[in-house]
Amino acid sequence: MKEFKLFLKRKDVVVSGKRYGIDALGAMAQGLFCTLLVGTILNTIGQQFDIAFLQEIIVTIGTGEGAAGYTIGGLASAMVGPGIAVAIGFALHCPSMVLFSLIPVGFATNAMAGAGGPLAVYFVTIAAAELGKIVSKETKIDLLVTPSVTILAGIFIAKAVAQPIGALAQSVGLAIMWATELRPFFMGIMVSVIIGMALTLPISSAAICAAFGLTGLAGGAAVAGCCAQMIGFAVMSFKENGWGGLVAQGVGTSMLQMSNIVKNPRIWIPPTLASAVTGPIATCLFEFQMNGAAVSSGMGTCGFVGQIGVYTGWINDVANGTKAAITATDWIGMLLICFVLPAVLSVVFCEIMKKRGWIKSEDLVLGL
Numbered sequence: 001m002k003e004f005k006l007f008l009k010r011k012d013v014v015v016s017g018k019r020y021g022i023d024a025l026g027a028m029a030q031g032l033f034c035t036l037l038v039g040t041i042l043n044t045i046g047q048q049f050d051i052a053f054l055q056e057i058i059v060t061i062g063t064g065e066g067a068a069g070y071t072i073g074g075l076a077s078a079m080v081g082p083g084i085a086v087a088i089g090f091a092l093h094c095p096s097m098v099l100f101s102l103i104p105v106g107f108a109t110n111a112m113a114g115a116g117g118p119l120a121v122y123f124v125t126i127a128a129a130e131l132g133k134i135v136s137k138e139t140k141i142d143l144l145v146t147p148s149v150t151i152l153a154g155i156f157i158a159k160a161v162a163q164p165i166g167a168l169a170q171s172v173g174l175a176i177m178w179a180t181e182l183r184p185f186f187m188g189i190m191v192s193v194i195i196g197m198a199l200t201l202p203i204s205s206a207a208i209c210a211a212f213g214l215t216g217l218a219g220g221a222a223v224a225g226c227c228a229q230m231i232g233f234a235v236m237s238f239k240e241n242g243w244g245g246l247v248a249q250g251v252g253t254s255m256l257q258m259s260n261i262v263k264n265p266r267i268w269i270p271p272t273l274a275s276a277v278t279g280p281i282a283t284c285l286f287e288f289q290m291n292g293a294a295v296s297s298g299m300g301t302c303g304f305v306g307q308i309g310v311y312t313g314w315i316n317d318v319a320n321g322t323k324a325a326i327t328a329t330d331w332i333g334m335l336l337i338c339f340v341l342p343a344v345l346s347v348v349f350c351e352i353m354k355k356r357g358w359i360k361s362e363d364l365v366l367g368l
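Per this note's numbering, the very first residue in the sequence shown carries number 1; after that it's consecutive.
Hints are computed from structural coordinates only; laboratory data are not their basis. All clues stand as given, with none of them false.
Ranges of calculated distance between the beta carbons of each label pair, as one might list FRET restraints:
# : residue 1 : residue 2 : range
1 : 335       : 63        : 43 to 49 Å
2 : 328       : 360       : 38 to 44 Å
3 : 335       : 96        : 45 to 51 Å
Note that the structure is a prediction, hence the values are computed from the model and not measured. The beta carbon of each residue, even a glycine, is placed where N, CA and C say it ideally should be.
Make a model of the complete structure from these sequences and hints.
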């Protein structure tokens, strides 16, 4: 057993919560962003600004009635499986031969799993990557063995688990969305708080939303929670961190406050309370929905991807006839839920806690 452990250590196969729950999950979000999310944004920009080269079909796959044409954005979105797989493989420190072999594994797994593809790709890629690392450079015919083992192992595992994982993820996501439709007030609070906290934690709220396909009212509540964390921390720490901190947290990530949260967990209370308020306002008052890409639900104001996702959903709804037009109320709702309320509420809650001595100004200083 000792020798086997030493072998795994030599191969950098580290079975830990950090490696799989933080590193791999964070990489999964990056893979999603660089394919599905960017592809969606490019398609939206092309349609809204009538940019010809973004609307042109650049690749056609198949022939006859089964032929599918892809724009630049559409092609990027179609590569979500390989994108996630390569990103996770990179996070797991895969040798180059293993890393490149994960491309077909990710594509096949995503196709097999359907709507729950991202979560299935996550699990299958981890298994295939670690198996590939174990055999890498162990034989004189590594050029054949490593890619063959990685691809075959990944495909066989995918055939066994991709569809069930995909179905489970879809069922969980549908259950959350159904519960949010049924009980928008309480579920608005729950989804907003949980996804918002996940965004600040060193895990990926975007990957979670994508894995479970959180859209609709549940997606809107998730956007509200993420915005509350990012805008909340950015504004309530403006005196301490200035414009650099405002941009870094408000357009970057509230995860920058994680080390300060460890030192004084009470600084997390104001933006979390803000998310508990904005969540039900989003679901009950404005019926704020994310009908764009599910991954956008967990992005908040990071690069304004959450807002772009909501806008994309509006455009899609108008196009398919489920929404008559984009109204002033829609824009007011987005402004209040994503920016104004998180800023005001977080500052108010923070000042109350400062007066009680629970939070001090130095608790919010970033080590930028």
